[in-house]
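Model the full structure from these sequences, guided by the hints.
Just so you know, the protein sequences line up as chains X and C, in that order. Here the working numbering is used: the first residue of the first sequence is 1, the next is one more, and so on. Here the working numbering is used: the first residue of the second sequence is 1, the next is one more, and so on.
Among the clues, some could well be false.
Same chains, same names: a pair is fine if it fits in one copy or spans any two.
[Stated by the list, open to error] Within a straight-line C-alpha distance of at most 20 angstroms, the following computed SDA-like cross-link-like pairs (lysine to any residue) qualify:
| hint | residue 1 | residue 2 |
| --- | --- | --- |
| 1 | 334 | 478 |
| 2 | 477 | 438 |
| 3 | 213 | 160 |
| 4 | 331 | 147 |
| 5 | 253 | 226 |
Just so you know, these hints were derived from the structure itself, not from any lab.
Protein chains: 2
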Amino acid sequence: MTQTVDQQASAAASAADAWLSAFQQALTARDADAAAALFAGESYWRDIVSFTWNITTVEGPAEVADLLRATLDQVDPVGFRVTEEPAEADGVVTALIAFETAAGRGSGLLRLVDGKAFTLLTTLDELKGHEEPVNGRRPNGVRHGAFRDRVTWAEDRAREATELGYTVQPEVLIVGGGQGGIALGARLRQLGVPTIIIERNERPGDSWRRRYKSLALHDPVWYDHLPYLPFPASWPVFSPKDKIGDWLEMYAKVMELNYWGATTCTSAVREGDGWAVVVDRDGAEVTLRPRQLVLALGASGLPVVPDIPGRDRFRGDQHHSSAHPGPDRYKGKKAVVIGSNNSAHDICAALWEAGADVTMVQRSSTHVVRSDSLMDLGLSDLYSERALAAGVTTFKADTIFASLPFRLLPALQAPVYHAIRERDAEYYDRLEQAGFDLDFGDDDSGLFLKYLRRGSGYYIDVGASELVANGGIKLAKGQVTELTEDEVVLEDGTRLPADLVVYATGYGSMNQLASGIIGQDMADRVGKVWGLGSGTTKDPGPWEGELRNMWKPTAQEGLWFHGGNLALSRYYSLYLALQLKARMEGMPTPVYKRAEVHHTE
Amino acid sequence: MTQTVDQQASAAASAADAWLSAFQQALTARDADAAAALFAGESYWRDIVSFTWNITTVEGPAEVADLLRATLDQVDPVGFRVTEEPAEADGVVTALIAFETAAGRGSGLLRLVDGKAFTLLTTLDELKGHEEPVNGRRPNGVRHGAFRDRVTWAEDRAREATELGYTVQPEVLIVGGGQGGIALGARLRQLGVPTIIIERNERPGDSWRRRYKSLALHDPVWYDHLPYLPFPASWPVFSPKDKIGDWLEMYAKVMELNYWGATTCTSAVREGDGWAVVVDRDGAEVTLRPRQLVLALGASGLPVVPDIPGRDRFRGDQHHSSAHPGPDRYKGKKAVVIGSNNSAHDICAALWEAGADVTMVQRSSTHVVRSDSLMDLGLSDLYSERALAAGVTTFKADTIFASLPFRLLPALQAPVYHAIRERDAEYYDRLEQAGFDLDFGDDDSGLFLKYLRRGSGYYIDVGASELVANGGIKLAKGQVTELTEDEVVLEDGTRLPADLVVYATGYGSMNQLASGIIGQDMADRVGKVWGLGSGTTKDPGPWEGELRNMWKPTAQEGLWFHGGNLALSRYYSLYLALQLKARMEGMPTPVYKRAEVHHTE
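See the structure below:
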């Protein structure tokens, strides 16, 4: 029997209401088993802070019951309810929800199949008594009245600038002033947590300005908004590097961040229940004593340059992709770029445009997706003008995405990439005919999974692949065995004359980068950062269920990692900031099952 | 018979649909009289650009018919329709509408009483073929593909900076880089009109930074948004001066304005069908040849200092309020502030806070309104969190406000100020008991009308009035007859000892300010700027129906005025920009009844 849309809608609403009502009843009765029985045999509950003071995915009724037994009394959840009309599609009822706990107010998303929970996401969005002063709570800005002790906003900011880090210690120190550190800094400021962000470059945005000139964001604008202050309606789809640099610079200023540029971190050691962090601030040594230390160093951290024999004798220019100045001085020269992922492609295309003779050396397969296809088929349901017009706000899109269990993501993503492969079949054929070694991820689950698992191994095509396909960029394959004075030599004996060698050979681990600050012992104790434990290339098991060490308590008290692309950084900056705020306020934050460390690197 | 809400709603919709249908029919048939007959005897049609290429209010059927006879063929309006469910209240049906013309697409607001039009607002919001590249039309940002002639965004901006004003002339030159010039500049950039903004101060926002330290915006944030990039959710209700300065500075940068700071305008003369404008750019003379010249000099232009005998012999500090450095050096000193409007009150309060002995000399009555009351009773239906929650977007609020005929505004505003007077009765009593000379505008129509008529004569109370009421700020009354070495002498013989005299005595006319650039003859020909011709104090008749010379064609071809508070500047910047764009594109822009000039000053 087919139902009308209205009937379907109200059946979905009934199902959601019934489930939430039963769930709340069990929670109120502190009956963990009854609550767990509402979950399907294969089910996933992902909690971000609200129950677990962690970022945790539990699977199946037994794990659900265990989570509840450990947390129910303290959390005291109430008010589980739908917040929008639930929808039904393909046998799945989806409902956006809200609830309250003793500590705060949260939201989330529920998926029901046959009346049982298939996925549940719960997130803590604000702390009671410490709500962000935004919208209806925004500050007055000026003290109306007449006060002999008036301090103006400008005087207040000036005083903060002289005191914070000197006579007054910050609660939080963020190392790394890229978009991650900046987004987190904005959240912390709104929550009234005194924070300093330190950045090696002089100005916010410099890490972008200093990259090769053709660089632009690969993710479209709707995906990229920073917290509180979205890009304006006039902002381009793909931000050129200097434009995003300018935005970050003005954002840091108008969001009133305490941003120390030209500042490097020398060391960080535990001191009492906090840290002693020695920094070099524009030539002057300063010791900061924050209680919490956040490393937001970015994925592009320590450049990895392979130890190839003959590098010292090569007479041309050679540098890692991160130090590539751009193509302008290589017109008519022979450029050999080692690597075949994003940087390699961008740099090869820019060199070709500048009139260089370009060869890309591909050492392993690369997953290539055309930017248009990724945007249309991969992102646009959630992040696009179309999505906005359909009422999918940025927060709603982020919520929907966060509600997809990592375990299921490969199966959910595979059809997207299958569709992409079909849509661009001719394009992929031409690439392969040119000899390019293509993949779609170990299990054909595509780009985003590659990103989550290993942060590399792909190229979002904005033009270079056409050149590879048509030979404009020449392709060579295999490992590099040595450099001569003027050649790159491959394992099959191929000799590539070169005036320039660019090592587009990636970056070391976040863990490695961190060890330069916190020391190897602590870095090893904290372990590998990023990856899911999927058992695929560069992401060894066991299964973690969440991204290792990101945005949540680590094995080192007081040490945290922030980062991710602009969307993840935006979304998780709130939840990390709330965890830090709660600690500052002395609220109890019992962590449910802090993740075990399985790998150091 | 009472109707249900639904019945009322659908009756309103029927009435609006019926009227618009009849109106469109008459327009299509080019039957001006039939269209005019749809208007009530007392009625107002305000058109912003769409029919008249002007900003014009016509009154009554005869004037409506005349407007249509003059414009119908060229405008060719079609598609008049409601865009939202109309509403009915107190016998008035209100409907938001949309329509198209040969040149573009527009919107507006219709009010019907007994089936006839009482007020109609029509605005042209975009030009066909020249739509703003925003939202779904936003630029890609980067040219995907491989192009040997690629120019990056940064290179493009750098090239523009070296060329524009030198080897390439701007279409528009805006003199004045305050919030008005900046808002208009942003609109013009989005419309692809090459524009330079020149500003005497070095950085955008400096005109705010240089003011006395306690200054903050008097209008709340929801009223103040700039085009395209609204203040974030975290922004305070009242922006401190330095914060608004920072916002303007970053806005000019991220909205990619061609902003020449440290640049003054020496002269502007007609040259061909454009201008030769000599400017001093940071010491270097540059001649600019724009086709269009916009003066956005601000209301705070030429300081007026009364010619009081003895000024030269006074031994203390004396300066106009615009040059007041702030109160810090006057602790324990005797300060006499001449004037009783906004600047006078702010400066007196700040001096009191710093421990000075303060006397305010009131020479004429002042309209005082408490900031809270103004916000709650005056603005919050349209500009507040509550309004936003009720679906009143900034554009909708601006539209509703623009749809109120100036002729009716006093009668509409009077009850608001009556309510304010009642709410704050005790406060006003105390002020009057302290001797303060209060008014509510000539016809009790309150602050906004005073603003529109004369731009002065009021104080939005953010704390000073309490000090006047309780004597913290001493009050003296009457004209100043002379200064001695150390006293201010009033006409009644009162002698006020003084170490400091601040002339909070206002500013000259915009016309006066303009004459310094375009010469007295041209300034006189163009005439008085601002004011409605209400026949009230400082706003002599005859009735203009619109603000003199603002945002529309003036008596001088190619000369325009932009400005107003942040809300007016935001709203009218679009319509002025469209008029300039249309001229740049060579589109026909026949102006219906350019306003006559009745006053020079």
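- Query: Is it within a copy, between copies, both, or neither that the alpha carbon of residue 213 lies no farther than 20 angstroms from that of residue 160?
  - Reply: Cα proximity of residue 213 and residue 160: across copies only (17 angstroms, versus 36 angstroms in one copy).
- Task: With 20 angstroms as the alpha-carbon cut-off, assign the pair residue 253 and residue 226 to within, between, both or neither.
- Result: both (14 angstroms within a copy, 18 angstroms between copies)
- Task: Could you figure out if residue 477 and residue 438 sit no more than 20 angstroms apart (CA to CA) within one copy, between two copies, both or neither?
- Result: within (12 angstroms within a copy, 86 angstroms between copies)
- Message: At most 20 angstroms between CA atoms: does that hold for residue 334 and residue 478 within a copy, between copies, both, or neither?
- Response: Cα proximity of residue 334 and residue 478: one copy only (19 angstroms, versus 85 angstroms across).
- Is it within, between, both or neither when you check residue 331 against residue 147 at 20 angstroms Cα-Cα? Result: close only across copies, 14 angstroms inter versus 67 angstroms intra.
Checked against the numbered hints above, the structure breaks none of them.
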